[in-house]
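Asks: Each chain, letter by letter, is given below.
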Amino acid sequence: MSENTFMGVPREKIDWFPIIDYDKCNYCLECVKFCPHDVYEVRENEEKKVIVKNPYNCVVFCRACGKTCGVDALSFPDKSEVTKKIKQLRMEMEQNG
Amino acid sequence: MDKNYVVLPCNGLDKCAGCITREIALILKEKISCEIICPVFYRVADARYNKLANENQLIVIDGCNTRCATRLASEKNLKVYKKVNVSEVAQKNNITLSKELKVGEDEKRVIEIIINELLQENQNTSKDLEIKFPETLDYEIYKKDKFIFRLPKNGFYFNENDCWVYVDGNLARIGVTDYVQQSLSDIMFFNPPTVGNEISQFDEVGTIESGKAVFEIISPVSGKIVRINEKLLESPEYINENPYEKGWIADIELSDFESDKMLLLTFDEYFEKMKRKVDEFHV
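One line per chain: the protein sequences are A and B, in this order. For what it's worth, this note's numbering labels the leading residue of the first sequence as 1, then goes sequentially. For what it's worth, this note's numbering labels the leading residue of the second sequence as 98, then goes sequentially.
Just so you know, these hints were derived from the structure itself, not from any lab. Keep in mind that a hint or two might mislead.
[What the hints assert, rightly or not] Not close to chain A: a few residues of chain B, all C-beta gaps over 10 Å, as computed:
{"hint": "1", "residue": "Asn101"}
{"hint": "2", "residue": "Asn153"}
{"hint": "3", "residue": "Asn162"}
{"hint": "4", "residue": "Cys165"}
{"hint": "5", "residue": "Leu175"}
{"hint": "6", "residue": "Ile192"}
{"hint": "7", "residue": "Ile228"}
{"hint": "8", "residue": "Tyr239"}
{"hint": "9", "residue": "Lys241"}
{"hint": "10", "residue": "Asn258"}
{"hint": "11", "residue": "Gln279"}
{"hint": "12", "residue": "Ser297"}
{"hint": "13", "residue": "Glu313"}
{"hint": "14", "residue": "Met359"}
{"hint": "15", "residue": "Leu360"}
{"hint": "16", "residue": "Asp365"}
[Stated by the list, open to error] Taking lysine-lysine and the BS3-like style, the derived pairs with C-alpha atoms no more than 25 Å apart in a straight line are:
{"hint": "17", "chain 1": "B", "residue 1": "Lys343", "chain 2": "B", "residue 2": "Lys241"}
{"hint": "18", "chain 1": "B", "residue 1": "Lys374", "chain 2": "A", "residue 2": "Lys13"}
{"hint": "19", "chain 1": "A", "residue 1": "Lys13", "chain 2": "B", "residue 2": "Lys370"}
{"hint": "20", "chain 1": "B", "residue 1": "Lys126", "chain 2": "B", "residue 2": "Lys176"}
{"hint": "21", "chain 1": "A", "residue 1": "Lys53", "chain 2": "B", "residue 2": "Lys309"}
{"hint": "22", "chain 1": "A", "residue 1": "Lys87", "chain 2": "B", "residue 2": "Lys370"}
Since we're looking at a predicted model, the values are computed, not measured. By construction, the Cβ of each residue, glycine as well, lies at the ideal position given by its N, Cα and C atoms.
Next comes chain A alone, as it looks inside the complex (with noise of 0.2 Å):
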């Protein structure tokens, strides 16, 4: 992994990264050929035959594969919430020094 921190704050406070909706899911597993950074994980045995598995390699912003999600199963958070977070997350670190 590259970057464990996006502007200043720790990767892991940052709730961004894809949810799939299984109702809708049907496994072409495009998102998966598509994201070089390896936020999926195929499971060929298991019912879900694909997870979020590494969900803070995610690029924060970064939207892309939903675009190649044909049945629009993938969806991520609110922008300008995540955003506000991210703000107040590094006005705390500030103030604790």
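Assemble the complex: chain A is given as a structure, and chain B must be docked to it using the hints.
Replies: Chain B only, in chain A's frame:
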């Protein structure tokens, strides 16, 4: 060069669409302080309007497909800058115009749509939305194998999604960094954002695509898109040649740069980050 606008409505009084052209002309007069040409008077005595129509950008507004205003303009040999047909716009937006002559709710919607389109166009071509961008840039360079990563030193900010912004007053130009174009290699498509769209910081503003991958351009700033680099539609390879100069992506009218700045990196910060990414990631 500073041309103003003049509007020629058909002003057809016996049809609702004609009455709408009059309303539009009145609103335009108020909003962009343009002159109005009265088609009735123009027919009987053209001396007054010929000069006005020839020296300004002429907007012709027809109510219906009889196109009285367009015909009048062509009879008088006028150069038309922009043409609007009220009935066509209504049809395109699935609005049925009233048989009455009074302007009702549906008609108001048509008026609003047309005004918005015209004003947007007006803003896009407005002179004061021209960004002052430096003619030459001073770069710091990081080399890795045969790859060269340039980064402009002065006046630029960056986000962690490898996009840059150059700010000039309330305007900004955005683009991607060398890290993006080197990682993607030959860029073959530029899918631009829509001019006139309001965007927030970190919204997607188009994509660029190579044989390797699709890259979402993540805006470093919030505001309104006032211009895209149309040359990229024909020649997306400009981004590979120089993503800071001829390969810029879009110009944005800023809405709150002071707040955006909190989540942007300076040259020094991004240069360090880019070097790390190049060392760890680049293949």
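Asks: What are the numbers of the hints that this structure violates, sorted from low to high?
Replies: 10, 12, 13, 14 and 15
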